[in-house]
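Sequences and hints are given; from them, build the entire structure.
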Amino acid sequence: MEAKVIHLTVNGRAHRALVEPNLSLLHVLRELLGYTDVKNGCEKGDCGACTVILNGKAVNSCLVLAWQAEGAVVVTDTGLGTLEHPHPVQEAFADLGAAQCGYCTPGMVVSAKALLDENPHPSEAEIREALSGNLCRCTGYGQIVHAVQLAAEKMVTAESAENAEEKTR
Amino acid sequence: MLPEFDFLTPNSLAEALAWLAQRAGDAAPVAGGTNIVPDLRSGRHAPKALVDLSRLAELKGIRREDGYVVAGGGVTIAELLGSPLVRSSARPLFEAARLFANPLIRNRATLAGNLADASPAADSAPPLLALDAEVELVSQAGTRRVSLVEFFTGVRRTVRRTDEILAAVRWPVPEPEAAFGYTKLGLRRADAISVVSAAVCLVPAPDGACSRARIALGSVAPVPMRARAAEAFLTGRPLSAETIAEAARMAAGEASPISDLRATSGYRKRVAEVIVRRLLAEAARTPQPQES
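For the record, the sequence lines run as chains Z and F.
Per our numbering, residue 2 is the first one in the first sequence, and the count goes up by one each step.
Per our numbering, residue 1255 is the first one in the second sequence, and the count goes up by one each step.
None of these hints come from the bench; they were simulated from the model.
C-beta: ideal position from N, C-alpha, C; glycine also.
It is possible that some hints are incorrect.
List of simulated lysine to any residue pairs, SDA-like, C-alpha gap at most 20 Å [stated by the list, open to error]:
#1 Lys58(Z) - Ser1308(F)
#2 Lys45(Z) - Ser1393(F)
#3 Lys58(Z) - Lys1314(F)
#4 Lys45(Z) - Met1255(F)
#5 Lys1302(F) - Met2(Z)
#6 Lys45(Z) - Ser1510(F)
#7 Lys1302(F) - Ser1343(F)
#8 Lys45(Z) - Glu1258(F)
#9 Lys45(Z) - Lys1314(F)
#10 Lys5(Z) - Lys1302(F)
Simulated coverage check for chain Z against chain F, where a stretch passes if three residues somewhere in it have a Cβ under 8 Å from a Cβ of chain F [said to hold, decoys possible]:
#11 22-31
#12 35-46
#13 51-60
#14 64-72
#15 92-106
Below, the structure written as structure tokens:
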């Protein structure tokens, strides 16, 4: 078992890391590259705390072996926005207090973002289904669902404002 | 922390088969990793090498081929859900894919992985049994096709040899008059391991009698199973409420469930009968050819 250098683009930044084959993508992101917004919960794909977007798809990073991610583009919660310019999902989570202990929040936000990219007008049932791989042990699901609904409204409003602006140009 | 292993990254199916043959017995294929990574972590599996199939184009795609639908073993559950061909020609598989684990797992887990793992609760198995599916096992020695019902030999045991890859799953395109049903009973609506699951297929003859019946059950035996006696009983009989009730009783009688943390054996038998009866009744009511 020998280590090799793998290449990852995380939140737009190119990284190289010397990695043994028995490490997960989660371990590489958190322990080697410092993306501590990616949480380590169960390490068996049950809890969703380690959710990231890998080449466009939301996945459990604990179940991806690091070498399988060679050349991949990864987006974590941190990559979606900043304190000054939060992503509408992050802003809605903050505005509605959709976090109790906060441990599940980065994974929830990433799953919600992946949902809204595919389905900008989800029903409540669709939101609950889309977040079914993300467990909140504080059981604060009500506010989380409301936050995703609010984010969807904000994103649709922002998009129609943009379109209107383009038309007047 | 995971145990140590070599990680082999083949660029083609041929290269993957060569690795598996060369490391006979101590190499295991990996794709989505949703079963094998937890198994490595818990120590249940300890292969000395993993052969990564996740990048092999040969294992991707869903296509029609001579009256069959052929799905590559590397197709993910999310890709099944997005396939118009699966939606139209494999309705129970589509329904099972919707209830499979959760969206994060569905983006990684593959069809071949779900079958080759051979859990009695494998969600894709009852639908594929009801569709008369077969699997393609490929090795350096060639390709063999095995009907899914003969593929499973016990809890987490199959006829797949360690040098073989489950490269594809195929099933005949169903007749237009075939009616299907699928139910998965779990302890919650999403992200559940099934307590009992069932898929049925009924094909009516022009006279309204049953010309073919398939009743497949999950989580009620060491392997995903077909209730063959109940199927034989239905064949050739008119699909009355009494006939269907008797077939459901027979199907439950063929099951041999265990008691575990999800349900008792007795509960599984009772519920299997109810689910099969409801699915058959619903399938029998779907439009049948009218006598003129």
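Structure-based check of each hint:
no.: 1; hint: Lys58(Z) - Ser1308(F); result: holds, 14 Å
no.: 2; hint: Lys45(Z) - Ser1393(F); result: violated, 30 Å
no.: 3; hint: Lys58(Z) - Lys1314(F); result: holds, 17 Å
no.: 4; hint: Lys45(Z) - Met1255(F); result: holds, 12 Å
no.: 5; hint: Lys1302(F) - Met2(Z); result: holds, 9 Å
no.: 6; hint: Lys45(Z) - Ser1510(F); result: violated, 30 Å
no.: 7; hint: Lys1302(F) - Ser1343(F); result: violated, 40 Å
no.: 8; hint: Lys45(Z) - Glu1258(F); result: holds, 18 Å
no.: 9; hint: Lys45(Z) - Lys1314(F); result: violated, 25 Å
no.: 10; hint: Lys5(Z) - Lys1302(F); result: holds, 18 Å
no.: 11; hint: 22-31; result: holds (count 4)
no.: 12; hint: 35-46; result: holds (count 3)
no.: 13; hint: 51-60; result: holds (count 4)
no.: 14; hint: 64-72; result: holds (count 6)
no.: 15; hint: 92-106; result: violated (count 0)
Consistency note: the structure conflicts with the earlier hints numbered 2, 6, 7, 9 and 15.
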